[in-house]
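K.L.:
For this one, chain W is given, so just place chain V on it according to the hints.
Going down the list, the protein sequences come from chains W and V.
Going by this note's numbering, the first residue of the first sequence is number 6, and it counts up by one from there.
Going by this note's numbering, the first residue of the second sequence is number 5, and it counts up by one from there.
It is worth saying that the hints were derived from the structure and are not from the lab.
Beta carbons: idealized from backbone N, C-alpha and C, even for Gly.
Hints may be right or wrong, so weigh each one.
To be verified - Residues on chain W that point at chain V, a partial pick, calculated with CB under 7 angstroms:
#, residue
1, 24
2, 25
3, 28
4, 32
5, 34
6, 35
7, 37
8, 40
9, 43
What the hints assert, rightly or not - Computed list of chain W residues with no C-beta within reach of chain V, every gap over 10 angstroms:
#, residue
10, 65
11, 70
12, 74
13, 131
14, 152
15, 161
16, 181
17, 190
18, 210
To be verified - Here are some chain W residues the structure puts well away from chain V; computed CB gaps all over 10 angstroms:
#, residue
19, 83
20, 88
21, 215
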Amino acid sequence: MREQPLNPRVDGWLRPLGGLLLLAVLAGGLVTLTERVTRERISGNQALETLRQLNTVLPPDLYDNDLHRDRVLLTEPRILGSRDPLPAWRARRDGRPVAAVLTVVAPNGYNGPIRMLVALRMDASIIAVRVIEHKETPGIGDVIEADKSDWILGFGSRSLRNPPSARWRLEVDGGDIDHISGASMTGRTIVSALRRSLGWFEENSEALFAWPSDERPAPVSGDP
Amino acid sequence: MTTQRPDYRSIIGAGLWWNNPGMAQLLGLCPLLAVSRSLVTGLALGLATLAVVTATNVLVSATRSLIHHHLRLPAYVLIIATFVTCIDLLFMATWFDLYLRIGLFIPLIVTNCAILGRAESFASRQPVLPSLVDGLAQGSGFALLLVAMGTVRELVGRGTLLADAELLFGPGATDLAIRVGDGGLSLATLPPGAFLVLALFVAARNALLARGGRHEASGSEEHAP
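With the rest of the complex left out, here is chain W:
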């Protein structure tokens, strides 16, 4: 059975090519159709997921605007830790700015960059910080996750006045921030990323709220 050609009727080159072409058209049509049917639900799901993440750092009763649409993309590699544009969301109540959520990357984690959401009041104090992506060592560096330890919760209501900017370091480095045992590098990169972001937000919060949504603003902190 193996020896005989599977399909003796097909010969020449036009029919095989036509067959494959027909199949390609069919396949393309099927994918397009599925994409059309599912598109709306998928983008709705993604928006819900974004909102759910944002609500872990920003209590929903604080604002009344459509948060996940009131978004700008920030390109501030020296401050926010990534060359890619990072989304920031602006929370308003009755049209007035109340808080912002920045995506901040702590670039020097033990195993690569650590991505965080940082919610800030307009007076540049922290509402909450959550790590949303990291590759730190399980059991050691992953205590930065809110489900695993309270460490990240300790940043609530901190600002550059609490502790003063110069004391924004881990205890082992002569500062006031709790140390993570066994994962100094992880703690250090997060603390300094937060210190930089707080400083940037103090300077730029008004400008941040003035930008139109989803347009990439020109970098405000001039690269030296």
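P.N.:
Just chain V, lined up with the frame of chain W:
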């Protein structure tokens, strides 16, 4: 073989047991080992694979007179990729929370050689109906193995069963979760545990076959046409 009435019983038997893609052919191990960490994730990927292998078998069989022998591989890959993309989109639209957990592995179904294997060794030589049955049988065999491994690994590794069932069955299913013990042998949820559990399944099957006698065991080899 093509003139006589196809033997559906042996097609189904082959998929579920004699020629099971995971336990006998040892194909598709990458998703099998990665996603069998819990019953719910195993079931989800099992169903996705079942859908892809069945749809692929049907389309390969239906277009078999259209596709030239030498062009069959690109044609199969095109068909499989099409169905995987569709399933991926449907998954994202229907079970988004579960998608966040195992979404990485759905596009990888395309690399599950069990599917290409069925297209090449069965569907390209058989009419549509037997191919449909073969797809369902092979897909179910793979899904059942995923569920069985997920059950063992979740039970031993975490002491739970059907945890996160609501991700698949909706919010009403939260109560389905069963907690048998507190924590467990975490080895079972780690990659080495996956290999060990699969090895135990294969060994158990071989032991059963050895007991069942030579006649049925040798029958398994003949199912690959």
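K.L.:
Evaluate each hint against the coordinates.
P.N.:
Right, here's what the structure says about each hint:
Interface hint status for residue 24 (chain W): upheld, as the beta-carbon distance to the closest one in chain V is roughly 4 angstroms, under 7 angstroms. The interface hint given for residue 25 (chain W) holds, since its Cβ lies 5 angstroms from the closest Cβ of chain V, which is under the 7 angstroms cut-off. Given the 7 angstroms rule on beta carbons, the hint for residue 28 (chain W) holds: about 6 angstroms separates it from the nearest Cβ of chain V. A least Cβ separation of about 4 angstroms between residue 32 (chain W) and chain V falls short of the 7 angstroms threshold, and the interface hint therefore holds.
Taking 7 angstroms as the C-beta contact cut-off toward chain V, the hint placing residue 34 (chain W) at the interface is violated, the least distance being around 9 angstroms. The restraint placing residue 35 (chain W) at the interface with chain V holds, with a minimum CB-CB distance near 5 angstroms, inside the 7 angstroms limit. With a least beta-carbon distance of about 10 angstroms to chain V, the hint placing residue 37 (chain W) at the interface is violated under the 7 angstroms criterion. A distance limit of 7 angstroms between C-beta atoms decides the matter here; for residue 40 (chain W) the minimum to chain V is near 6 angstroms, and the interface restraint holds.
Satisfaction of the interface hint for residue 43 (chain W) is found here, the shortest Cβ-Cβ separation to chain V being roughly 4 angstroms, below the 7 angstroms cut-off. With a cut of 10 angstroms on Cβ distances, residue 65 (chain W) stays outside the contact zone with chain V, its closest approach being about 19 angstroms. The claim that residue 70 (chain W) lies off the interface holds: its Cβ sits roughly 24 angstroms from the closest Cβ of chain V, which is beyond the 10 angstroms cut-off. Its beta-carbon lying about 19 angstroms from the closest one in chain V, residue 74 (chain W) satisfies the requirement of being farther than 10 angstroms from that chain.
With a closest Cβ-Cβ approach of about 26 angstroms to chain V, residue 131 (chain W) is found to remain outside the 10 angstroms limit, as its non-interface label requires. Remark: the non-interface label on residue 152 (chain W) is consistent with the geometry, its nearest Cβ contact in chain V lying 14 angstroms away (cut-off 10 angstroms). With a cut of 10 angstroms on Cβ distances, residue 161 (chain W) stays outside the contact zone with chain V, its closest approach being about 26 angstroms. At roughly 36 angstroms from the closest C-beta of chain V, the C-beta of residue 181 (chain W) stays outside 10 angstroms, upholding its exclusion from the interface.
Distance check for residue 190 (chain W) against chain V: the nearest CB is about 25 angstroms away, which clears 10 angstroms, and the non-interface claim stands. For residue 210 (chain W), the non-interface assignment is confirmed: its Cβ lies about 32 angstroms from the closest Cβ of chain V, beyond the 10 angstroms cut-off. The Cβ of residue 83 (chain W) lies farther than 10 angstroms from every Cβ of chain V, with a closest approach of about 32 angstroms, so its non-interface assignment holds. Distance check on residue 88 (chain W): its Cβ is at least 25 angstroms (rounded) from any Cβ of chain V, clearing the 10 angstroms threshold; non-interface status holds.
Every Cβ of chain V is farther than 10 angstroms from the Cβ of residue 215 (chain W); the closest lies at roughly 34 angstroms, confirming the non-interface assignment.
Hint violations for this structure: numbers 5, 7, all remaining hints satisfied.
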